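K.L.:
For reference, the chains in residue letters:
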Amino acid sequence: MVAAMSNSAAVTASTWITNFLERLPAPAGELEAVQWRGREALSRQPLPSRRQEDWRFTDLAPLTALAPVPSPSSAQVGWPAPATDVFRLWLDAPDDFLNGQSLPAGLSLLSSDEVQQALGHTLAACNCEQHWPVELNQASATRVLALRVSGAVAPTLELVSQAAEDGVMRPVRVLLLLEEKASLEVLQIQLGSGCSLSSLVMEAHLGRESKLRHGLLALGEGQACFLGHLAVEQEPRSQLESVWASHGWALSRFEPRVVQVDGEATTTLKALQLADGQQLVDTHSRVEFRGPEGQLDQLHKAIADDRGRSVFNGAVKVPRAAQRTNASQLSRNLLLSNQARIDTKPELEIVADDVRCAHGATVSRLQTDELFYLQSRGLSAAVAAGLLKRGFCEEVLRALPAAAAAWRPLQRMLGED
Amino acid sequence: MIRPEADTLLEIVDLQARVEDKPILKGVNLTIKAGEIHAVMGRNGSGKSTLSKVLAGHPAYTVTGGSVRYRGADLLDLEPEQRARLGLFLGFQYPVEIPGVSNLEFLRVSTNARRMEKGEEELDTFAFEDLVRERLQVVQMDPAFLERSVNEGFSGGEKKRNEILQMALLDPLVAILDETDSGLDIDALRIVAGGVNHLASPDNATLLITHYQRLLDVITPDYVHVMAGGRILRTGGKELALELEDRGYDWVDQELAVLEVA
Numbered sequence: 001m002v003a004a005m006s007n008s009a010a011v012t013a014s015t016w017i018t019n020f021l022e023r024l025p026a027p028a029g030e031l032e033a034v035q036w037r038g039r040e041a042l043s044r045q046p047l048p049s050r051r052q053e054d055w056r057f058t059d060l061a062p063l064t065a066l067a068p069v070p071s072p073s074s075a076q077v078g079w080p081a082p083a084t085d086v087f088r089l090w091l092d093a094p095d096d097f098l099n100g101q102s103l104p105a106g107l108s109l110l111s112s113d114e115v116q117q118a119l120g121h122t123l124a125a126c127n128c129e130q131h132w133p134v135e136l137n138q139a140s141a142t143r144v145l146a147l148r149v150s151g152a153v154a155p156t157l158e159l160v161s162q163a164a165e166d167g168v169m170r171p172v173r174v175l176l177l178l179e180e181k182a183s184l185e186v187l188q189i190q191l192g193s194g195c196s197l198s199s200l201v202m203e204a205h206l207g208r209e210s211k212l213r214h215g216l217l218a219l220g221e222g223q224a225c226f227l228g229h230l231a232v233e234q235e236p237r238s239q240l241e242s243v244w245a246s247h248g249w250a251l252s253r254f255e256p257r258v259v260q261v262d263g264e265a266t267t268t269l270k271a272l273q274l275a276d277g278q279q280l281v282d283t284h285s286r287v288e289f290r291g292p293e294g295q296l297d298q299l300h301k302a303i304a305d306d307r308g309r310s311v312f313n314g315a316v317k318v319p320r321a322a323q324r325t326n327a328s329q330l331s332r333n334l335l336l337s338n339q340a341r342i343d344t345k346p347e348l349e350i351v352a353d354d355v356r357c358a359h360g361a362t363v364s365r366l367q368t369d370e371l372f373y374l375q376s377r378g379l380s381a382a383v384a385a386g387l388l389k390r391g392f393c394e395e396v397l398r399a400l401p402a403a404a405a406a407w408r409p410l411q412r413m414l415g416e417d
Numbered sequence: 001m002i003r004p005e006a007d008t009l010l011e012i013v014d015l016q017a018r019v020e021d022k023p024i025l026k027g028v029n030l031t032i033k034a035g036e037i038h039a040v041m042g043r044n045g046s047g048k049s050t051l052s053k054v055l056a057g058h059p060a061y062t063v064t065g066g067s068v069r070y071r072g073a074d075l076l077d078l079e080p081e082q083r084a085r086l087g088l089f090l091g092f093q094y095p096v097e098i099p100g101v102s103n104l105e106f107l108r109v110s111t112n113a114r115r116m117e118k119g120e121e122e123l124d125t126f127a128f129e130d131l132v133r134e135r136l137q138v139v140q141m142d143p144a145f146l147e148r149s150v151n152e153g154f155s156g157g158e159k160k161r162n163e164i165l166q167m168a169l170l171d172p173l174v175a176i177l178d179e180t181d182s183g184l185d186i187d188a189l190r191i192v193a194g195g196v197n198h199l200a201s202p203d204n205a206t207l208l209i210t211h212y213q214r215l216l217d218v219i220t221p222d223y224v225h226v227m228a229g230g231r232i233l234r235t236g237g238k239e240l241a242l243e244l245e246d247r248g249y250d251w252v253d254q255e256l257a258v259l260e261v262a
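Protein chains in written order, with the working numbering: chain A, 1 to 417; chain B, 1 to 262.
For the record, the hints were derived by calculation from the structure and aren't laboratory data. Quantities reported herein were computed from a predicted structural model and do not represent experimental measurements. Take these hints with a grain of salt, some might be off.
Stated by the list, open to error - Reference listing, derived: stretches of chain B covered by chain A, where coverage requires no fewer than 3 residues with Cβ under 8 Å from a Cβ of chain A:
| id | region |
| --- | --- |
| 1 | 57-67 |
| 2 | 74-85 |
| 3 | 94-104 |
| 4 | 126-137 |
Here a beta-carbon is modelled for each residue, glycine too, at the ideal position from N, C-alpha and C.
Starting from the given sequences, assemble the full structure and let the hints guide the process.
P.N.:
Written out as structure tokens, the structure is:
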């Protein structure tokens, strides 16, 4: 019986990918060759299954319930006006990304030769170019936003993608090359609703002494699913600060991967993920130091309520070459219902001997003493719990680029809108 | 200030309570009238902190007997937030740190909860800032603390000042201050005590829970109660505190032993 069931599940999964590939339009455009390769890989590679360690807690059923087709968008639903000092690009625009705008000083489009040369380089360096969600994106994306960053870019680059129609897939591909001493702030907004799939693959190469502040706000609704990969290569003395927040997707899987190619760089990662209803939100992060004196400061926070499920796996690799690495990882989780579930796992692989690597994980309910303190000042239990949840979220959300405020992340994540 | 004709604010009769399976309060009797300042003294473990938490409604304590009437109503029937809105205030021995929650926002929400109960209008952000800046002076607190998370990274003295600031904003009828003097240096103690004295009026009452005489050098109590074994063993005027200071708690232990044998 069990065998028969898993057999039929396998059939469904392979049928899903066959159907998906059949619905795709013929490969074309600047990414034609990449699309061919992605489709070829998908036709050979089975869907991730819970028998694989990396997907142990993550059931793809919400994804296989969808029948998405890539298509450009026609509407911007519920977008706030861009804040001042924000340069916004609509990544699903039917025409080209720029749509007549000229890029701010310090940003320029890569030539197609440069794209050929650079695209996929960082994915490969981060060992994820063959990951299934990456192949899914490569099979479908028809274009890439590929930018060179020189010097300090003043406005925040805001990249928005929205999948608001049933049956659509929005594959977003971004490539950023930060030259030596360049600096950029990027805010990515990923919105999804209905039976849609949002797919993101972003690569960034940070030259020496460059600085990237990156924020990702991924807000879903209903049956919408999100699959994201972020791959970053850091040269020495570069700084990466990446902050992401995710809520509302039936299934959200995000895999940020950072490689410090020669150490000596600074990496700060902050994340907040919320799962309620029947949602599943999963982050698999991985930071690898390939040289000495690298730094990592990672904070991952999650709230699971109702029957929601949160998964975090945080890999940190410190090989022998990475002496004097200073890394810390903290996973803090709030479990708000008896039927919710949280799986959190640090995965530290330390071979170098002269390093400082701290890690910790906590899973708790709202603290009785904190609730009582607020109640003893006249706040109802519900208001007190709300304030504590807000406080828990705010620590991460306030680290997002300032431009994120226009999207009202706290209100949307806590359903106060 | 003792006035026989003053209204009774709090009337505790034969109060018994336990935490988990351990009985802590074993029959406390205490009546507090408007205008009075009471001090409850006793050794660690005598039940004085438990008394304060039971009165405020901490969920870890179960009342197993007796009654508490607050201005004629059954206090024990009320949720902690209702007690607070009606004017019962507990200054915590260990104020809780709440990361991510702005102190200013917290103070505003709690002040408004109390104001609504009193039939006063809610204060908007601007009106509240005016009020809070005025009340900050009561405790000589730096306005920078308003911008921080509730009690997060505050020193012991700053936390206690923040408690008295809350008391100044909430305008309670009965303020219970649980070991407000603990962990304070002499300057901070004077500031905190000055705040308590400033807020005391003929219409409200204060219950000080303390270990040491030194708080009572700066706040003069009308009554001093000595607690031991979950009961009030003896009640007197401020001279009782001085007697404790002189003689220590040994005689209390002896009296308690006699009582428990009987």
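K.L.:
All hints, please: hold or fail.
P.N.:
Against the structure, the hints come out as follows:
With 4 residues having a beta carbon nearer than 8 Å to a beta carbon of chain A, the region 57-67 of chain B meets the requirement of three or more and the stated coverage holds. For the region 74-85 of chain B, the stated coverage by chain A holds: 6 residues have a C-beta nearer than 8 Å to a C-beta of that chain, and at least 3 were required. For the region 94-104 of chain B, the proposed coverage by chain A is satisfied: 6 residues have a C-beta within less than 8 Å of a C-beta in that chain, meeting the threshold of three. Residue count for the region 126-137 of chain B with a Cβ under 8 Å from a Cβ of chain A: 0. That is fewer than the three needed, and the coverage hint is violated.
Hint 4 from the earlier list is the only one contradicted by this structure; the remaining hints agree with it.
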